[in-house]
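Got chain A sorted already, so can you dock chain B onto it with the hints?
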Amino acid sequence: MNALPMRSVPVTPTVRHAVELKHVSKHYGKLPVLEDISLAAPAGSVLAIVGASGCGKSTLLNIIAGLVQADSGSVQIDGVAQSPAQDTRVISYMFQEDRLLPWRTIIANAEFGLEAGSLSAEVRRERALEALKMTGLEGFEQAYPHELSGGMRSRVALARSLVVKPYILLMDEPFSKLDPQMRSQMHQELLRIREQLKMTVVFVTHDVEEAIVLADRVVVLRPRPGRVRDVLPIDLARPRDPLAADVAETVRHVRALI
Amino acid sequence: MSSLPAGRSALPRKSTRIGGLVRVTSQRLSLVVVFLVLWWLAAQRVPAFILPGVGKTFDALRELIASGTFGEDLGITLYRVVAGFLLAALIGTPLGILLGSNRTLGNYFEPVLSVLNTVSAAIWAIFALIWFGISNGTTIFVVFMEAMPLILTNVWQGAQSVNAEYVELARSFQMSRAKVMTKIYLPTVLPYFFSGARLAFGFGWRVSLVAETIGSSNGVGYRLRQAADLVQTDQVFAWTLTLVFLMVLLEYGILKPLENHLFRWKKRVS
Numbered sequence: 043m044n045a046l047p048m049r050s051v052p053v054t055p056t057v058r059h060a061v062e063l064k065h066v067s068k069h070y071g072k073l074p075v076l077e078d079i080s081l082a083a084p085a086g087s088v089l090a091i092v093g094a095s096g097c098g099k100s101t102l103l104n105i106i107a108g109l110v111q112a113d114s115g116s117v118q119i120d121g122v123a124q125s126p127a128q129d130t131r132v133i134s135y136m137f138q139e140d141r142l143l144p145w146r147t148i149i150a151n152a153e154f155g156l157e158a159g160s161l162s163a164e165v166r167r168e169r170a171l172e173a174l175k176m177t178g179l180e181g182f183e184q185a186y187p188h189e190l191s192g193g194m195r196s197r198v199a200l201a202r203s204l205v206v207k208p209y210i211l212l213m214d215e216p217f218s219k220l221d222p223q224m225r226s227q228m229h230q231e232l233l234r235i236r237e238q239l240k241m242t243v244v245f246v247t248h249d250v251e252e253a254i255v256l257a258d259r260v261v262v263l264r265p266r267p268g269r270v271r272d273v274l275p276i277d278l279a280r281p282r283d284p285l286a287a288d289v290a291e292t293v294r295h296v297r298a299l300i
Numbered sequence: 008m009s010s011l012p013a014g015r016s017a018l019p020r021k022s023t024r025i026g027g028l029v030r031v032t033s034q035r036l037s038l039v040v041v042f043l044v045l046w047w048l049a050a051q052r053v054p055a056f057i058l059p060g061v062g063k064t065f066d067a068l069r070e071l072i073a074s075g076t077f078g079e080d081l082g083i084t085l086y087r088v089v090a091g092f093l094l095a096a097l098i099g100t101p102l103g104i105l106l107g108s109n110r111t112l113g114n115y116f117e118p119v120l121s122v123l124n125t126v127s128a129a130i131w132a133i134f135a136l137i138w139f140g141i142s143n144g145t146t147i148f149v150v151f152m153e154a155m156p157l158i159l160t161n162v163w164q165g166a167q168s169v170n171a172e173y174v175e176l177a178r179s180f181q182m183s184r185a186k187v188m189t190k191i192y193l194p195t196v197l198p199y200f201f202s203g204a205r206l207a208f209g210f211g212w213r214v215s216l217v218a219e220t221i222g223s224s225n226g227v228g229y230r231l232r233q234a235a236d237l238v239q240t241d242q243v244f245a246w247t248l249t250l251v252f253l254m255v256l257l258e259y260g261i262l263k264p265l266e267n268h269l270f271r272w273k274k275r276v277s
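Line by line, the protein sequences are chains A and B.
Each residue of the first sequence is one higher than the one before, starting from 43 at the first, in the numbering used here.
Each residue of the second sequence is one higher than the one before, starting from 8 at the first, in the numbering used here.
The set of hints was computed from the structure by calculation and includes no laboratory data.
Don't take every hint at face value.
Cross-link-like lysine-lysine pairs, in silico, DSBU-like; alpha carbons within 30 angstroms at most [unchecked claim]: (1) A:K219 to A:K207; (2) B:K190 to B:K263; (3) B:K274 to A:K175; (4) A:K175 to A:K207; (5) A:K207 to B:K190; (6) B:K273 to A:K175; (7) A:K219 to B:K190; (8) B:K274 to A:K219.
Here chain A stands alone, though its shape is the one from the complex (with noise of 0.2 angstroms):
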C-alpha cells in the first residue's frame, strides 16, 4: 500500500475547471443521497448530469450551488475551495419552475437577481433591459407573469439569471415543463447566450436527448445513492438536429446506461 510510485504531484492541469467535485458524498439522515461523486466542467463548456429519478441530481446542483453542504468531498469553484464567505453571485441558479413573482412586472422580475447586492436601480434596470433583449423579451417589460405563456415565463426565468452576468450557470431541468417545439427553441437560445458570455453550463436532466443535444459532456448517474457511472465526452458537431443520425445513436447509447 504505501509504495506508492514517487510520482510527483500532478501538474495542474492544462484545462481551467469552472466546476470540480471530488469525492462528494451527502446523507439525509441515515439515507445516503450522493456516493463518491467526481465531476468537472472545464471553464466555458456545458455539462450534463442525467439520471433516473431518485439519484440525487437536484441535491447535487444544490452542493454546486453552496444551498446544500457535501458531508464530505470538496467542491471547487473555478479552482477555489467553496466557503461560506463565498461569493456566488457568479453563479447563477435556474429552478425547474420560473419562480417568477407574480406581483412584479416581468422588467421587476428580472431586477430580482439583482438586488441583494447594491448596486443602484438605474444600473439595475439598465442590465435587466440587456438581459431581456438577449432573451427575445423586448417590449413585455411591464407585462405581468399571468399575462405571459409558459415558454416566454421560462426565457423571463432565464433572463433573472443572466442579469447578474454569471460565471456558472446552473439548471436544474429548467425547460422539463414546456412544449418539444418550446423546448428545443430555448435550447438554441442557451446555446447562443452562452456562447456571448462565455459561461460554463451545468445543469441536471433526465431527459437524454436534451443532455446530448445541449453538452459537451455527459454524467451519467446511478441511482440509490447516487453515483457516477459513466462520463462521456459528446464531440457531435454543433449545431446538433436530434434527429440526425449521429445524434440519435449517441442518445440510444447514453439511454442504455441509465
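For chain B alone, coordinates are given in the frame of chain A:
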C-alpha cells in the same frame, strides 16, 4: 419568434371599460331610486316617530349640520375608529407574521384567537367602561379588540401561504433575511392584510357606535342614543344616512381604487 403570443391584447380596451362604468353607475343609481320610492311609500302609512319620511329625514339632516356639533361629533367618532384601527394594524400585523412564519408559536397561540373572537363587542364595551370610564379610551379599546383579531387572523394566514420556492429563489441570489421579508413576505401578505383591514375597519366602525352609546359624552353613537331617548326618529335616520354615505364613500372612493392599484398584477377572473 413566431410562437410569441400577442401578449397584452388580452387586456380590456379603454372604451369597453368606460362603457362598463356607465352601466354600473346607472345600475347603482336606479337601486338608490328604488330604495327611496319604497321608503317613501312605507312612510305614507306609518307615524313619523316610527318611520320618518324622506323629506323629514333630509330636513333633520340639514338641521343637524346647521346645529354646529355635527362635524365635531363625526370627527371625534372617526378619530376613535381610526386610532383603534391603526393600533390594531400596528400590533396585529407583526404578530400575524410572527405566528404565521413560526409553526410552533402559531400552534400554541391558536386557541387564544378563537377565544378572542367569541367575546362579544358589548362585553368589551362594559370592560372598557370599567377600565377607562367615559373617555376616548373606551371606544378606542373596543374598536381595537374587535379589529385586532381580524387583522391578526388574516395576516397569519397570509404568512403561512408564503411560497417556500420564492424564499429559496431569494436565497439562491444571496438575499439577506431582511430583504426576504420585504421582497417576498410583505408582498405575499399584503392582499391578506388588505382584506383583513377592510373587514376590521367595517367592524370597528360599527362597534364604535355601540361603545359610544354607553361610554362617551359625544360622538355619533352618543347622539344616536340621545335622539332615540327623545324619540327624534328623524335624527336617528339622518345620522344613519350620514354613516351609510361615509362608508360607501370610503369603499368606492378609497378602498376599491387602492385595491385595484395594489393588486393590478392579479389575474382577473372574467
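To see whether the hints hold, each was checked on the structure:
1. A:K219 to A:K207: holds, 25 angstroms
2. B:K190 to B:K263: holds, 24 angstroms
3. B:K274 to A:K175: holds, 25 angstroms
4. A:K175 to A:K207: Holds, because 14 angstroms separates the two Cα atoms, which is no more than 30 angstroms.
5. A:K207 to B:K190: holds, 22 angstroms
6. B:K273 to A:K175: Roughly 25 angstroms between the alpha carbons, so the hint for K273 of chain B and K175 of chain A holds.
7. A:K219 to B:K190: OK: K219 of chain A and K190 of chain B at ~26 angstroms, within 30 angstroms.
8. B:K274 to A:K219: holds, 21 angstroms
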